[in-house]
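Listed here are the chains, written in short residue letters.
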Amino acid sequence: MLYREAGQFKASYIEDQQIFPIRQDKIGFIAILAFFSLVVPMIASEYWLQAILIPVLIFSLAAIGLNILTGYAGQLSLGSAAFMAVGAFGAYNFMLRIDGMPFIAALILGGLCAALVGIAFGLPSLRIKGFYLAVATLAAQFFIVWALVKFPWFSNNSTSGVISAQKVEILGFAFDTPVSKYLLTLAVVAVFALLAKNLVRTTTGRSWMAVRDMDVAAEVIGIRPMRAKLSAFAVSSFYCGVAGALYAYTYLGTVEPEGFSLDLSFRILFMIIIGGVASIMGSFLGAAFIVLLPIFLNVAMHALFAGTMPAGLASNLELIIFGGLIIFFLIVEPHGLARLWQIGKEKLRLWPFPH
Amino acid sequence: MKLKKTALVAAAVAGLLTSGYAAAASEQFIGLPSYRVGPFGSNGASLYGGWIDYMAMINERDGGINGVKLSWEECETEYNNARGVECYERLKGKGATGNTVFQPLSTGITYSVLEKVAQDKIPMVTIGYGRTDAADGRVFPWVFPMISTYWTQASAIINYIGSKEGGVDKLKGKKIGLLYHDSAYGKESHAILDKLASKHGFTVEKIAVASPGNEQQAQWLQIRQAKPDYVILWGWGVMNATALRTAQKTGYPREKVIGVWWSGSEEDTVPAGDAAKGYTAAGFNVAGANYPVVQDIQKHVYGKSKGNMEDKGRVGSVLYNRGVVHGIITVEAIRKAQEKYGKGKALTGEQVRWGFENLDIDDKRLAALGAAGFMPDLKITCADHEGAGKVKFQQWDGAKWTVVSDWISGDQTVVRPMIEESAAAYAKEKGITPRDCSKEM
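Protein sequences, first through last, are from chains Y and X.
Residues 1 to 355 (the UniProt record's numbering) make up the first sequence, in order.
Residues 1 to 441 (the UniProt record's numbering) make up the second sequence, in order.
Here chain X stands alone, though its shape is the one from the complex:
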């Protein structure tokens, strides 16, 4: 029968693969559930390319982390939940100590393995996506939605708009449009913006765009009628470029359009052409290839023709640099965990989880990494798995992104209680007793 035959052949192949890895003892294995085909394939190629290049650079320049070389294997998920679960299961036992960390770069896959990671003791890091309330580390010890959650981002965007108007108190009576991708991802914005609206006294005009969003004439006519002072673009993929083009067509100034970080990459602005000029977007990392960390990658990895990117022109793009941020955080967490569990040793996922939870990348460390201004400083604690909660705003000048703000924080007095409330509801539904963080070390 087909099934059994395939099973036997696949088992043989799998056997070959695992035997190859068993030999390398002091290597830290990192499984990469990447996607290079499918609707988001080009995004995945940049993100995972940057991440792989950074790890290759650590191996080339420093000889690994305290002598422990990083090794990795990709598994194609096609941004598909079922394939993501298969990759998770396939990668988790690989390497001498198993998979160190799982970072699927897909909210759907994040949800699909949310409970498995706790059972298998593998930390899951979701930087800028995933389950927002997992920022409450007491309920979600194994999940790290780092740097900034969607809610913090929404709050930071409001703060940024406030700063342009001369203070958040000036937002009273203003109208802010929200053009969102009609999906779970887009709806993440609603609760927080409603709360902020009632706090600061502005109104939110929510306008949905059905996926994929390549036709938005009606929505922008609606925006023209409502005349909002600003429009927050909460989009993904083809929807972003279409929004900018339609904004131009209907005569809405792009300077007043503020994108979220999944709407603010070269992949969104370049296809929009000159319609994107003046458009501003949030980001937890910035674009540019002239940061020392990217320069080091150019020198040690591309200099030896070992780079992962097929299109070298994309090195230094927003998404590529986001991949580098993933690399930095992963490597720093392993380094931190080695301080506790023994330098120069390959660590298990459980040990690396401790590294993530005690991660402290301050400005001094960022400068040493060659990433000052590249990403925000980050301090994770047992209770707070988000860390930074800051974003920077970049404006597209028609050819490249230029940074137009400093790091702007979200309003944690609003966001944090919402996170805790949501996490508590989850804990209650699941019968989880939240950890007591004063007992953790």
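The following block holds chain Y by itself, in its conformation from the complex:
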């Protein structure tokens, strides 16, 4: 009833090609954005901002990055965490070595470093596919983390390879409170998510999808696989790199190369699988699911069984339930949470009078 597009006519191509062609979607999107940028900072506690919302946003951005590569361009990658590390260490070094480096510029330069490294490790994708490519990106994962520990220059000669992020200041305003850090993260993530949403609808995005669906056919119709694949690696790594820089600057403050382990790469991969492959919105849903669910289970376990269950058993039970829920969601909807939302939308269109 509420969600009906009857009466919304498009009179030009531009109107037809909008990101949100349906008015309700547009209103919904603006309402969500307004809620998270205006209402949340006022009502959320420090805990919610620092421990929940900021990491969810950052992981969403990393998941968008991986989704561009794996979901849209069809190149499986296990190196997302390493590209995050490049972004974090890149931004750190630009801030450290260039006086008066603006934070946003360092963020983007860090992302560009990650993009360059991503292109280098994306080169094998021209020859190998599928699982073999995953192994090649696995090499990136190990090599980058190793290199960051091995060469002390990256961490400014810290004995253990750990960097601690400088203060974040933009135009003289210091982002040092949880609220300001949250808003900064939200702004960066929102801008980049919108860019990504647009990018996948352009020629570049369509060439990625063509290569994903059948690279021979794509080549026949005039898409250059090299350009498509390498641009996907570059853009994907750029997103991961920016996410990594945010991870260091607005979330943790101090990061070590080991923090960007294979484990984190897998978690980002799970985010897009759970959230929905080839979906920007799915990246957000997946990141929220993977970050929030273990925390929620931990809190719930404490509330329900505090004192009555051995702590070790409770911790293991959390993992079991977490794994069980992942399998449940994959069985119910193999295409991820984004697909569930889409089905819900279809149903909503007919509600309350289905055929």
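These aren't lab readings, by the way, just hints derived from the structure by calculation.
Computed from a prediction, not measured in an experiment: that's the story for all the values here.
For every residue, glycine included, the Cβ atom is placed at its ideal position computed from N, Cα and C.
Careful: at least some of the hints might be erroneous.
What the hints assert, rightly or not - Footprint (simulated), chain Y over chain X, 3 or more residues, beta carbon under 8 Å: (1) 34 to 40; (2) 180 to 190.
Claimed, not checked - With a straight-line Cα cutoff of 16 Å, these simulated EDC-like cross-link-like pairs (lysine to aspartate or glutamate) come out: (3) X/428 <-> X/406; (4) Y/181 <-> X/406; (5) X/430 <-> Y/169; (6) Y/150 <-> X/332; (7) X/343 <-> X/332; (8) X/116 <-> Y/46; (9) Y/167 <-> X/115; (10) X/94 <-> Y/46; (11) X/174 <-> X/205; (12) X/121 <-> Y/46; (13) X/428 <-> Y/99.
Mind docking chain X on chain Y? Use the hints.
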């Protein structure tokens, strides 16, 4: 939407939790960022088990600290930095006075909250891990890498090897192998050993083992070729048992293998079987259940079936006892802080920080605690957040650890300047003005 729904439910649960705690006024809350699952889950279970048992014992035997009962809550970190930060944020406001102290037992989590603890005024105690240069309390007022840092330990190991050879001056011309976990943790050993090597005239043969380290054939062949006089095993987890087994296979005598404290627990030697026999490891606490403090836990906690350990056979193991050391230090710091800020009162993290900084556990106090010989005596000052700087060496006889040395100190004339230099570099990078310790009280 999923996010909002989860958020609402979680908020409701969180609300329930906090309301339960608000009622208990004179309780000292201690948040425990524990890990009982994941790759290091069994280590975490022993460590946090020992710590929780000690606090339970204080509550049962003494009725708390001057009447203030200890309360605690665990938060599972899975040894994961992001989860650790979430736990830190979740625990920090709990209890009547907030979280008293944060001890994550993970170097990664230590780094992740290093700056947050100073803002939130919660002391962070990292016993035997964490950031080495935080031992300079002038730059890091809120961080306490107590008892001994990695650098002190490395120096103490060299001193121990020296004592076996008949004096550190006899080390000249010797060759010492360093088999290290190829990570930030393992690389902590390099700078200090290089410095000590040039001071005493021995050479260091550094051999890296990629994580997790369950295949070391190549490394031990390299060791056999180089024929070092001793091998320092700087490992973690599965790497330790593999090292000992491979040493046996390649015929390197285990008596010449010296482990660090994260390589010297039953979890490392038992899986290695008889390959571990004769292996020596450093430790800032010793194994054994016959110390009065462990006996008291058996009597007051396990006697009333309130113990935390699921496997009671591990009570008295190296890691369990390490947990007890965490408990002793935490309780003693709170006791000390109560002397200044009022006995029988629940204290804030800021007040307890003072307790940590003025902690003085001498031999007499250790004996009173039933922990003489169990851990070194410890005196923390404003400038020195390390305190003891001593370790004991234990040898594995195939069934249990036996202590084979007295407390051995590191060479502070080498270690301390390195710590100060590193801390000063951090202070400069961060724009921190170091505290003037003569003005502190």
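Run the structure past the numbered hints and jot down the numbers of the failing ones, going up.
3, 4 and 6
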